[in-house]
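> Top to bottom, those sequences are chains H and A.
Heads up: the first sequence runs through residues 74 to 397, numbered per our numbering.
Heads up: the second sequence runs through residues 684 to 770, numbered per our numbering.
Derived from the structure by calculation, the hints contain no laboratory data.
Some hints could be false.
As the list claims (entries may be wrong) - The list that follows gives simulated cross-link-like pairs (lysine-lysine, DSS-like), each with its CA atoms no further than 30 Å apart:
(1) K759/A x K769/A
(2) K769/A x K257/H
(3) K210/H x K257/H
(4) K764/A x K719/A
(5) K257/H x K368/H
(6) K368/H x K719/A
(7) K210/H x K719/A
(8) K210/H x K368/H
(9) K719/A x K769/A
What the hints assert, rightly or not - Selected chain H positions facing chain A (in silico; Cβ < 10 Å):
(10) K210
(11) T211
(12) P212
(13) G214
(14) S327
(15) I329
(16) S330
(17) D333
(18) T339
(19) A364
(20) G367
(21) I392
The structure displayed is predicted, hence computed values, not measured ones.
Glycine included, C-beta positions come from ideal geometry on N, C-alpha and C.
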Amino acid sequence: MLYCYRLFDRHIFSSHELKLLHRVTHDIEPGHRDVLLEWSSDPVLPEGPLCAGRENWGIFVLRAAEGVWAVLPRTGFVVWVPKCGTRLTVHPDVNQLAVHETMALPCRDVVNSLVTGLLSRLPSMWGDVPLHAALLKTPEGYVLLAGMSGIGKSTLGQLLARRHGWILLDDDACVASITGGELKVIPMGGMTRLRADAANRMQLSGPLLSGYADGKVMVQVEQSALCLPEWRPVVALFHLSRNNEHSTNHSSNSYISRLDTVNAVTQAATTAIGLDRESFQWRTNRFHVAAQFGKIANFLLRYDQSQTPEAVTDDIENIYAEIH
Amino acid sequence: MSYQRSPDALHAEVNGSLILMNVESLAYFEFNDVAKRIWDLLSDGVLSEERIIAILVGEYDVEPERCQTAVATFLKQALEKGFLVKA
Chain H
74 MLYCYRLFDR
84 HIFSSHELKL
94 LHRVTHDIEP
104 GHRDVLLEWS
114 SDPVLPEGPL
124 CAGRENWGIF
134 VLRAAEGVWA
144 VLPRTGFVVW
154 VPKCGTRLTV
164 HPDVNQLAVH
174 ETMALPCRDV
184 VNSLVTGLLS
194 RLPSMWGDVP
204 LHAALLKTPE
214 GYVLLAGMSG
224 IGKSTLGQLL
234 ARRHGWILLD
244 DDACVASITG
254 GELKVIPMGG
264 MTRLRADAAN
274 RMQLSGPLLS
284 GYADGKVMVQ
294 VEQSALCLPE
304 WRPVVALFHL
314 SRNNEHSTNH
324 SSNSYISRLD
334 TVNAVTQAAT
344 TAIGLDRESF
354 QWRTNRFHVA
364 AQFGKIANFL
374 LRYDQSQTPE
384 AVTDDIENIY
394 AEIH
Chain A
684 MSYQRSPDAL
694 HAEVNGSLIL
704 MNVESLAYFE
714 FNDVAKRIWD
724 LLSDGVLSEE
734 RIIAILVGEY
744 DVEPERCQTA
754 VATFLKQALE
764 KGFLVKA
């Protein structure tokens, strides 16, 4: 069975990529506007992950017990492999592959991830700039936690809500725009419903949402904010990253550094996502939003696995308290 | 030789700094005060290297030879990074 999402009235695949997709999917002729999700109980591709095409295209096809999912490079998607319970994050830069060693129910998650990946990029079509960042509300304004999938946005966002009383508005994506010269950020809004709708339409079973990383009780996302987002100033942006070098000394906040202006702008730009990353307009919009983020406090966190999320959130809260 | 801003160069004033990005290369750059002034001078269009030097020598307490060297260095770098183009 092949599901074909025709969500866009613009080309998101190049002709070269289409040829590759055609080879992957065997029996269909994909169009420039299609996003393809093949769902078969009898996959014909060989075992194991298969990298199709040139490596730097970042095109991955993974055979799984319940299907094959082909994803394209410029946007980056989460790929779920139910057979081994592994989740891969496919980035435009294939050097950034994060492996989540978590077990999960696959079906709905795959669709959720695909639909989320597509829908969260839609605002770029009308000039807004989607950001891959969790959005929290503090008494002073909005705080963002940015970073690649699996880095801990949800985990830290949940803990900041539980332990420090911040309000979690979205644990994965938000939308930035500039209105009247001012930066405005709102939660992506409606994604929960959109994801559920997509899963229901495809008659897939499984949990409604993929769940919270540490398996504890989730803090409810502030639903009212999704319907009618209020304007608040953006006061801080934390860039999360993983330090591969194991460090034993975390007695201070030394793994947190404040970015200077040009690095803040550069780093903020990496948070933006879009459908067509090559377009002049998207790059322009991204730059101007990133420049606005350069005006606020930007911090880079490089933590390793020896640090507990609780400790990291405490440090975030301390740093945040210092700037306010 | 005359110069003008590249259409691929985006700029923004951030916390008193002038940040530029080349849309094609995605290179980011922060301009110092003199570079900012040259960038401002080019806002109206094309200027020759000699004219830029003459304006800066009139505005700053700097020897012409030193100014000439600094401007030439800046123009070379700005060309390489795609923030300026030759007119």
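> For each hint, tell me whether it holds in the structure or not.
Hint-by-hint comparison with the structure:
For a cut-off of 30 Å, the pair hint linking K759/A to K769/A stands: about 11 Å separates their Cα positions. Our distance criterion of 30 Å between C-alpha atoms is broken by K769/A and K257/H, whose separation comes to about 37 Å. The hinted pair formed by K210/H and K257/H meets the criterion: a straight-line CA distance of about 13 Å does not exceed 30 Å. With a C-alpha separation of about 15 Å, the suggested pairing of K764/A with K719/A holds against the 30 Å cut-off.
For the hint pairing K257/H with K368/H, the CA-to-CA distance comes to about 13 Å; that is within 30 Å, so the pair holds. With a CA separation close to 18 Å, the supplied pair K368/H and K719/A stays within the 30 Å bound. Distance hint between K210/H and K719/A is unfulfilled; the C-alpha atoms sit about 36 Å from each other, more than 30 Å. Of the supplied pair hints, the one linking K210/H and K368/H holds, its CA atoms being roughly 18 Å apart against a limit of 30 Å.
Annotation: proposed proximity of K719/A to K769/A holds, straight-line Cα distance about 18 Å (limit 30 Å). Given hint, K210/H at the interface with chain A, is violated; its Cβ is 24 Å from that chain's nearest Cβ, farther than 10 Å. With a cut of 10 Å, the hint placing T211/H at the interface with chain A is violated, because the nearest CB-to-CB distance is about 22 Å. Of the supplied interface hints, the one on P212/H is violated, with its beta-carbon coming no nearer than about 24 Å to a beta-carbon of chain A, more than 10 Å.
This hint is violated: G214/H has a C-beta 17 Å from the nearest C-beta of chain A, more than the 10 Å allowed. About 24 Å separates the beta-carbon of S327/H from the nearest beta-carbon of chain A, more than 10 Å, and the hint is not met. Below 10 Å, beta-carbon pairs count as interface contacts, and I329/H has none with chain A, the closest being about 20 Å; its hint is therefore violated. Hint on S330/H is violated. Least Cβ distance to chain A is approximately 17 Å, over the 10 Å limit.
Of the supplied interface hints, the one on D333/H holds, with its beta-carbon coming within about 8 Å of a beta-carbon of chain A, less than 10 Å. With a least beta-carbon distance of about 5 Å to chain A, the hint placing T339/H at the interface is held under the 10 Å criterion. Hint status for A364/H relative to chain A: holds, with the closest Cβ pair at about 3 Å, below 10 Å. Restraint check, G367/H versus chain A: the minimum CB separation of about 4 Å is within 10 Å; hint holds.
Look at I392/H: its Cβ only gets to about 19 Å from chain A, farther than 10 Å, so that hint breaks.
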